[in-house]
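Trainee: Sequence:
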Amino acid sequence: MTKPAKRSFSITTLLALSLVSCSNSSGSMTPPTTPPGDTDGTGGGPSSAPNTVSGQVLNSQGKPIAGALIWVRPAVTTGLVTVHTNAQGQYQSPTLVNVPYRTYGYVQTEYQGQPFCLRLAANQLNEYDAFSPNPSGTVVRNFKLQLSGKIPDATIANTYFGAEVRLMHHTWRNDQQLAASDSAVEVTLVPDGALIDGSVGQTLVRSAKVGENFLYDIPIGHYNVTATEVHRDGTRTPLVLGEYQGPPASQTTLDFSASGGCGGSTSNVSRAFLYVARP
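Per my numbering, residue -11 is the first one in the sequence shown, and the count goes up by one each step.
Treat the hints as calculated values from the structure; they're not laboratory data. It is possible that some hints are incorrect.
Calculated lysine to any residue pairs in the SDA-like style (CA-CA distance at most 20 Å, straight line) [as the list claims (entries may be wrong)]: (1) Lys138 with Leu183; (2) Lys138 with Arg154; (3) Lys51 with Lys132.
Label pairs and their in silico Cβ distance ranges [said to hold, decoys possible]: (4) Ser195 with Asp117: 30 to 40 Å; (5) Thr176 with Thr66: 16 to 26 Å; (6) Thr65 with Ala168: 50 to 60 Å; (7) Leu68 with Tyr204: 27 to 37 Å.
Just so it is clear, the structure is predicted and the values come from calculations on it, not from any experiment. A virtual CB, placed ideally from N, CA and C, is assigned to each residue, including glycine.
Model the full structure from these sequences, guided by the hints.
Mentor: As structure tokens, then:
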């Protein structure tokens, strides 16, 4: 029973020693970083150095992203190594201790006057898997900016690269009525300007039954929004919508907010709310 404990202690100790340069004088962790620029000492792309991880980060138009943040996190113990991409969107980690790791990518950007740190998607499904350093060369983990789609390694249900909207059934007047409990609410979102990645968005039509009330995987953008109640018999009633304090209107705007900083397995975007009722 004591041998496994010694092995676990040995692995953790080795990793801690390999990251000793990450600690400042106060003892707090300051993960090593590779600044945008050289990754192989020559100003070019990543080398094939053994026991490292490397790759490239591209935006949704297929162009390199400079300064993207890459986390290299041990899968079985503590610690963290961070690197940044160079001008070609390429990165390479320092030499890694021989334990399993997972990589996570993030890009920091500003949109509608506020900072976001969006999680990046891996290029291939198997690149979300843990890996062990290769003594014969580098392990490749590429990333891309993706505004929609399910996050494959998320541990929470209904986690997407796109944002989430919750419909709130709310009245602003005493004589106002809510949508019927057996109806659905259909929401039309029309992009007003470019999306967060600079691309042109598309009009989205999403619906949720009353009582379910969630719209998932909305690409981050600034939208003009309308809502319609779809009755059980198929007839339709336009709804009013707006902020909690009002006033309601036949059309409103929808924006998203950042949720914390970089890190984690979600999109790092807060849930947005739409309040709806019959006119």
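Trainee: Could you tell me which of the numbered hints above are not met by this structure, giving the numbers in increasing order?
Mentor: 5
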